[in-house]
Each structure stands twice: as C-alpha cells, then as structure tokens.
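Enquirer: Turn these sequences into a full structure, and let the hints steer you where they fit.
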Amino acid sequence: METAIAVRDLRKSFKGHLSIGRHPVLRGVDLTVPRGVIYGFLGPNGAGKTTTLKILTGLLFPDGGTVSLLGRPLGDPQARARLGFLPEAPYFYDYLTGQELLSFLGSLFGLDRRTLEERSGALLSAVGLEGKGGLQLRKYSKGMLQRIGLAQALLNDPDLVVLDEPMSGLDPVGRREIRDLILDLKAQGKTVFFSSHILADAEAICDAVAILMAGKVVREGPLDALLGSEVRFWDVTLRAPEGFSPPPEAAVLARQGSQVLLRVEREEALQVLLDRARAQGASIRAVAPQKFSLEDLFLAEIPKEEAP
Amino acid sequence: MKRVAAVLLLLALASAVGSLHTGLAEIRASYPTEFRSYYIPQSAYLKVASMGQRNLWADLIFLWGVQYFDRYGKDVRTAYLYHTFDVLTDLDPRFYEAYIFGFLFLSLDQAWKDLYRLADKGLSANPQNWLLAWDAGTYAFFQARDYDRAARYFQIAHDRNPGETLVQDMLANAYKYRGDYEASRAFWLRIRDQFEGDDSFRGRFYRMAAERNLFDLHIKIDLKALEGAVARYRQERGAFPPRLLDLVRAGYLQALPADPDGDPYLYDPATGKVSCSKPFHYKGEYGQW
Amino acid sequence: MSRRSLPGLFSNQVWAIAKNTFRESVRSRVFYILLAFAVSLLVFSYVLGFLAAGVIRKMVLDVGLSTIAYFSALTAIFVGIGLVYQEVEKKTIYNILSKPVSRTRFILGRYLGLLLVLLVNLAAMVAVLSAVLFFVEGFTSRILAAASCIFLELMVLTAVAVFFSSVASPVVSALCTAAFYVIGHTSSALPELLLPAVESPLARKVILALYHLLPDLNLLSINNLVAHDIPVAPGFYPKAVAYTLLLVGLLLVASALSFERRDLV
Numbered sequence: 000m001e002t003a004i005a006v007r008d009l010r011k012s013f014k015g016h017l018s019i020g021r022h023p024v025l026r027g028v029d030l031t032v033p034r035g036v037i038y039g040f041l042g043p044n045g046a047g048k049t050t051t052l053k054i055l056t057g058l059l060f061p062d063g064g065t066v067s068l069l070g071r072p073l074g075d076p077q078a079r080a081r082l083g084f085l086p087e088a089p090y091f092y093d094y095l096t097g098q099e100l101l102s103f104l105g106s107l108f109g110l111d112r113r114t115l116e117e118r119s120g121a122l123l124s125a126v127g128l129e130g131k132g133g134l135q136l137r138k139y140s141k142g143m144l145q146r147i148g149l150a151q152a153l154l155n156d157p158d159l160v161v162l163d164e165p166m167s168g169l170d171p172v173g174r175r176e177i178r179d180l181i182l183d184l185k186a187q188g189k190t191v192f193f194s195s196h197i198l199a200d201a202e203a204i205c206d207a208v209a210i211l212m213a214g215k216v217v218r219e220g221p222l223d224a225l226l227g228s229e230v231r232f233w234d235v236t237l238r239a240p241e242g243f244s245p246p247p248e249a250a251v252l253a254r255q256g257s258q259v260l261l262r263v264e265r266e267e268a269l270q271v272l273l274d275r276a277r278a279q280g281a282s283i284r285a286v287a288p289q290k291f292s293l294e295d296l297f298l299a300e301i302p303k304e305e306a307p
Numbered sequence: 000m001k002r003v004a005a006v007l008l009l010l011a012l013a014s015a016v017g018s019l020h021t022g023l024a025e026i027r028a029s030y031p032t033e034f035r036s037y038y039i040p041q042s043a044y045l046k047v048a049s050m051g052q053r054n055l056w057a058d059l060i061f062l063w064g065v066q067y068f069d070r071y072g073k074d075v076r077t078a079y080l081y082h083t084f085d086v087l088t089d090l091d092p093r094f095y096e097a098y099i100f101g102f103l104f105l106s107l108d109q110a111w112k113d114l115y116r117l118a119d120k121g122l123s124a125n126p127q128n129w130l131l132a133w134d135a136g137t138y139a140f141f142q143a144r145d146y147d148r149a150a151r152y153f154q155i156a157h158d159r160n161p162g163e164t165l166v167q168d169m170l171a172n173a174y175k176y177r178g179d180y181e182a183s184r185a186f187w188l189r190i191r192d193q194f195e196g197d198d199s200f201r202g203r204f205y206r207m208a209a210e211r212n213l214f215d216l217h218i219k220i221d222l223k224a225l226e227g228a229v230a231r232y233r234q235e236r237g238a239f240p241p242r243l244l245d246l247v248r249a250g251y252l253q254a255l256p257a258d259p260d261g262d263p264y265l266y267d268p269a270t271g272k273v274s275c276s277k278p279f280h281y282k283g284e285y286g287q288w
Numbered sequence: 000m001s002r003r004s005l006p007g008l009f010s011n012q013v014w015a016i017a018k019n020t021f022r023e024s025v026r027s028r029v030f031y032i033l034l035a036f037a038v039s040l041l042v043f044s045y046v047l048g049f050l051a052a053g054v055i056r057k058m059v060l061d062v063g064l065s066t067i068a069y070f071s072a073l074t075a076i077f078v079g080i081g082l083v084y085q086e087v088e089k090k091t092i093y094n095i096l097s098k099p100v101s102r103t104r105f106i107l108g109r110y111l112g113l114l115l116v117l118l119v120n121l122a123a124m125v126a127v128l129s130a131v132l133f134f135v136e137g138f139t140s141r142i143l144a145a146a147s148c149i150f151l152e153l154m155v156l157t158a159v160a161v162f163f164s165s166v167a168s169p170v171v172s173a174l175c176t177a178a179f180y181v182i183g184h185t186s187s188a189l190p191e192l193l194l195p196a197v198e199s200p201l202a203r204k205v206i207l208a209l210y211h212l213l214p215d216l217n218l219l220s221i222n223n224l225v226a227h228d229i230p231v232a233p234g235f236y237p238k239a240v241a242y243t244l245l246l247v248g249l250l251l252v253a254s255a256l257s258f259e260r261r262d263l264v
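Top line first, the protein sequences correspond to chains V, U and Z. 0 is the number of the first residue of the first sequence in numbering that gives the first Met the number 0; add one for each residue after it. 0 is the number of the first residue of the second sequence in numbering that gives the first Met the number 0; add one for each residue after it. 0 is the number of the first residue of the third sequence in numbering that gives the first Met the number 0; add one for each residue after it.
Everything labelled a hint here was simulated from the structure, so no lab data went into it. Fair warning: there could be bad hints in the mix.
[Claimed, not checked] Think about it this way: if two alpha-carbon atoms lie no more than 20 Å apart in a straight line, the pair counts; the simulated PhoX-like pairs of lysine-lysine are:
| id | chain 1 | residue 1 | chain 2 | residue 2 |
| --- | --- | --- | --- | --- |
| 1 | U | Lys-223 | U | Lys-272 |
| 2 | Z | Lys-18 | Z | Lys-89 |
| 3 | Z | Lys-90 | Z | Lys-18 |
| 4 | Z | Lys-89 | V | Lys-138 |
| 5 | U | Lys-46 | U | Lys-1 |
| 6 | V | Lys-141 | Z | Lys-89 |
| 7 | Z | Lys-18 | V | Lys-141 |
| 8 | U | Lys-277 | U | Lys-219 |
| 9 | V | Lys-141 | V | Lys-131 |
| 10 | U | Lys-120 | U | Lys-46 |
| 11 | U | Lys-277 | U | Lys-223 |
| 12 | V | Lys-138 | Z | Lys-90 |
Computed from a predicted structure; not experimentally measured.
Expert: Structure below.
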C-alpha cells in the first residue's frame, strides 16, 4: 500500500466539565502519511496532537471521519500488529526491570522466547541501554525511560512507528541520539510518525510535516515544498571598529560592545555589506544564511487561527 | 528546644488521657452489675448481620456468655440468660455445648420453664442427639422433680439410643415416680433379661437393680389395685370391707394378690389402709418409695 | 516475526497479562498486611479455644474458616478495585492496548491474575489453619472442601471488583464491591426473615422475586456444615460451580462491554 496513515475529516470532542456541553478537540483533521518517510506532526500544546495519536492507536474512539493504518481500518487488530507506539512521557511498571518489561510487552505480540531475547538484547544496545536491562525501571532516568519506551515500540519490528513527543525532557545529547535513531529507522524502510512542539527537531529530520492548530491541520506537505529552498536573509556578525556605519539595506539587529549583528535580505546587499566591512577594517565573525523556517511558518499560521 | 517542648506536651497529654481513662473505668465499675452487661441483639438481626458466618458469632457469644454468667452470677442471670442462649442456639442450632451450658446456668436459677424451652428447641434441631435429652431429663428428675417431664425426656433419649442401659434405668425410675408402675416394670424386665447370664460387674449390678425394682414394683402395683378396690367398696357400700378377702367375694377383685414372697398384705379395716409387711422401703434423698 | 496468527494468541496474551497482574499484586503492601492479620487471627483462634470449655476444635474451625472467608474477601476487594483503574490512571495501559491486544483479553487477563493471587493467599491461610488444627488434634480434610467453596465466592467477588474497577475510581469501586458483598450475604434474610412476617400473597411473590434476582453468596458456603461434620448434599458441588461460573460470566461480559468502547483519556 502507498500510505502508512490516511486520515479524513477526523472529529473528536470531549464532554465538558461536569458533563455540561461538549468541548471539541479535533474539528476535521486531514492528513496523509506516505510510506517510508519521517513525518512530523506539529502544533502548539492543546492543539489535539496527543488526541489524534491516541485515536490512531485505539485508545480513543473518534466521533466521525475515517482513519486507515497501513491500509486497514481502525480497530483491526492486524494493523496494530505492525505498529509500534511510544506514548508521551511513558509510564511503566517501575518494579520491573528493563529486560522484564520487554519480555512482557513482547509476549503480547506472540513472540517466542528466543526471538524475544535476541531482539530485546539488540534493541537495548540500539537505544543505548546496553547492560542496563537488569536495572529496575524505578531507577531509570527520564532519558533512559524514553529510550526503553522506544525499545518496546520496536519489539515487533513494526512497519509504522508512532512516537508522541519523543524528544521531550531529554538533554541535547539524548535528543541527538533519538534523532539519529529515527533516521536509522527510516533507513530500515520504516515509516516514522512523530508529534512534537519543538520545531527545531522536526525541521532537522522530517521529510514532511503537518501543522495542527485548534483541531485542524492548517499546513501539510513535504518540508521542502512548504519552506521553499531559497534563502530569505543573511545574519552577519561583525566585530566593527568605532564609527562603523552599515550600508542602508543592512538592518542592525543587535549591538554589544564592538560586536554587531546585522541582517540583509538580498544577496547583493550582502556583498555590499561585506565589502564595506572589509573596507572599514571590521572583522567578519559569522555569515549565516537563514531560510524560511518552520518557526516562521508556524507563527504565520497563528494570527489566522486566532482571528474570529 | 521546640522539640523538647513538643515531647513534653505529648507526655502530658498521654498521662491526662491515661488518668481520664482510669476515671471513666472506675465510673463504669461503680454501676450495678446488670448495667455492665453487653447487649446482644435479637437473633434475627444477628443472623443477617453475621453475613453467612453464623457459627463464628455463635461461638463468640458462647465464649462471652460462659465467662460472663459464671462471673457475675445471680445479678444478671435472670435478666439475660435465656435470651443469650436462645440467640446463640438460633445462630447455631447444632451447638451442643451451648445447650448443655444453658441448662446448667438455667438450673442454677431454677428457671425450669426456660430450661424446657431450650431443651425442646435443642431436641428438635438435633434429632439424633440423645445426650441432650438425657441431660435435660436429669435436671427435670433430680432438681425440678418434674417426673412427667423427666419421663418424656428419658423416653426421647431411649428412642434415640435404645442400647444405653443407663437411659433405660432412669426412664424406668421416671415412670415409677410418675406413677406408671406397669411401664416401669416393663423396662426393668427388659433390663433384667438383657443381662441374663452376664456375670461382669455391670451385668450383676443391673440384674440386682432390676430384681430390687421389680420386687418393689410388684408390691406397688398390688397395693395400688388393692387400694383402688377398697375405695370402690367403700364408695358403694359405705364402709371399708372387714377383710381383704371380702373384696374378692364381692367381686371387686379377681383374686387376692400376695407380695412377691407369697405373704399376704396387711390391712387395717378401721382406716382402710393396705400395706406390705416387708420392711422394704427406701427412704433417701430422692424421695420415698 | 510471529509464527502464530492473532486469534491463536488468545491464551498467550491473556496468560501474559495474568502473570504480570500476579507479579504486581504480590508486591502490593495491602496484600501482605491482610495476610499477616489473617495469620495472626488464625493462631489466635487457638487461644480462643482455651477459653471455651471443651470446644477447642469447633472454635478453631469456626474462627479459622470465618477468618479465611473474611480476609480473602477483603484482599479481593482491596487489590481488585485498583486493577483496571490504576492502569488507566498511571497510563501503563497505553503500552498494552496499543499492541494487538483486545480490551476484553486485557480484562480477562487482569481477572485471572487476581484469581491466582487469591489462590496463593488462600493456600497460605489454609496451611496455617491446618497447622493449628493439627496442634489441637482436630484436623479434617474437609477444610479443603470449605476452602474451595470460599474460592468460589472469591471468584464472584473478584469479577465484581474488576467490573467496578473498569468504570469507577477506587473509592467508589471499593464501596460498590463492599455493597455487593453485604447484599450477597444478607439477601438470604428475605426468605428467612421477611417472608414469614408478611401475609399478602402479592407481597410474598414480590419478596421471592427480589430474592431470586439478587445473588445469594451464602448458598456457596459450607463452613457451617464442615464445623459440625454434616455431609454436603449430593447435588451441591456441580450446582454451586455452575452458579459461580454463570455469575462470573455475566460480570465479565458486562465489564468487557463497558470497557470496549471506553475513551482512555
């Protein structure tokens, strides 16, 4: 099949406080995740990302719309057999050891003992928990929990891996490792669907994204197409002598002592700035091209949604 | 410093509580005994409240009851005694020891009616138990001197355990005391035949008892018949017969009975009293034969 | 890659969840506290026996069997009420239900796991009671029969606890399951006490109908019979087992039904 996940007009609302009224969370979500890509599901907190993921994994039931996972409709247990899910800030039985957890969850797939042992061993090293399998989960740090969560999501060698905020609560080293793991999964031919509210992570590895705002997908598509490949502006950092005057097209963003941060939009303006810098004896510290970023895209969508 | 103060405060409070506790306990001890009793609810309530564990609650009430009534004695027995054992046996009708203790306590109070009520309850709930009937019978016989009842209970005991000679013995006695000489005699005959040829101590003991009783019953039966005839003669003729033989001649008796040794009975025509020449009367604790 | 097809996984999945439930419950403090209390009471029954003149054996049997009945019921309630609720609260259930495990199998697994725990609990208490009985020279193998009947009642009680656990918080579950226990043990009051006091035939019919609608757990108990050495009536065991299985079936189906379409927020 072509698509890993196909969602059409998904709707879900919850009962209001004290069962008064209904409070809509998803108002008609459409998205399509092709196979073999890394797909980012983005949006501010409260937009409905976790709700969508829970519907995908069968923990919640939609009010309307259609969802198909790996070509099968929701509720078909066969679909969940090829699915791996890492919930947000995962909770596990803390009296179990890492190894015991994997054995238990793996047995739910019907894996026999030998396969389970081999796989858990391999997965523990793959997520960087080699040797920690005998430790009780209550002793795991947040990062370790996230990793064992990922390991249990991969026990059945799934075709589709769904991750809810996989990078949350991790230090930069941890994030880097998870990012590399996700890239590795793609390299194995798997489809990865993850939600996040941290745009930088998504921007770094996603092939395609969908931005969810207030229960609807406002932007969806391959990242390149959404962002364009052109450079929008350059940020230039100079150490300039006293009395350095920038050219008219260069806007000064910040000045600290002799360090100056300037922004120019056109490539020609950049050349003019650099010439002037060299001419006036300023040293060039950094020249950073900025493409249209995801953050910009994001921020652009917010006023639209908030407008009545 | 604060910690020390807190600990001292705790100690002060604890001792205050302790002394109040003692004070309240003393107040309770000063009440008359019957107010110290615990209340046992109706058996209907307990049956429901015990939630299926009736035996357990029967046991607990039994434990409490035996200690309580033993200790506080007469002060409270009449008030709660029957009720307690009634509830107890409602909860567990087959609780043999409950009946036995109940009889004991009730007998101390001489509450015979209650004892019989408890006994009847126990007997209908335990159709195979003969010891209950035996126990109730002994209370009726020896303490209440209600020979009618005793006979009834011993009869039940005998029906349930026909082989027990002691029961037959007491049953025969009860009949005798009740005045059923014929029935009593039948039993003694049976007992005597049962131990025919048995030369063990028990065998000889019962044969002797049987002979003694049969001797006595023979006399009693004869005397009863004679007295009856004399009374009828007097009623119809207006005077006592001059001689016992006249009773036969006048047709009030078939033949003139003689005592077991063959000797005639003594008769006083002036008073109409008939008696036996043998000095074979047993006067003892249990009445006069 | 699993060699077995999903429907064939039924017993494996249910057993895996049951084993996990067992491990979890055996670590709960409540479990051990209750067991400790029960054991102390069982030993105490020996002391009680001394107070009672000549009825040690009956005392030990009565107190012993009642203790076992009460405490295993308490354990069933206290461990059972958290069974499904805690999973949802603590979100550990997400890891399980996102696998190809149906909610029904999850409920079944939790139920069986708790039954296993109760079985172990029961075995321990019966062992202690047997020891005390040996000590007072009153051992009877009939306590095993009595314990089996207690287990039947536990099967029903556990199913009730699982049912409430899947729809309500632990506090509410505890109250409702306890209410079921009380109703189950006092419904026999309807025909025994209420019926003789009522005269109108309509009222009598109503009372009898009500009685047959409510469960009567006293029917399953043979404690009183064992204490008095009265034999059990011939048709009893098959009927009692059938009654239990039907009640359990009813409750588990209800639990599964209510849980199948629940949103696990």
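Enquirer: It remains to establish, for every hint, whether it holds in the given structure.
Expert: Taking the hints in turn, this is what the structure says about them:
no. : hint                  : in the structure
1   : Lys-223/U / Lys-272/U : holds, 11 Å
2   : Lys-18/Z / Lys-89/Z   : holds, 19 Å
3   : Lys-90/Z / Lys-18/Z   : holds, 19 Å
4   : Lys-89/Z / Lys-138/V  : holds, 17 Å
5   : Lys-46/U / Lys-1/U    : violated, 55 Å
6   : Lys-141/V / Lys-89/Z  : holds, 16 Å
7   : Lys-18/Z / Lys-141/V  : violated, 27 Å
8   : Lys-277/U / Lys-219/U : holds, 12 Å
9   : Lys-141/V / Lys-131/V : holds, 14 Å
10  : Lys-120/U / Lys-46/U  : holds, 17 Å
11  : Lys-277/U / Lys-223/U : holds, 16 Å
12  : Lys-138/V / Lys-90/Z  : holds, 19 Å
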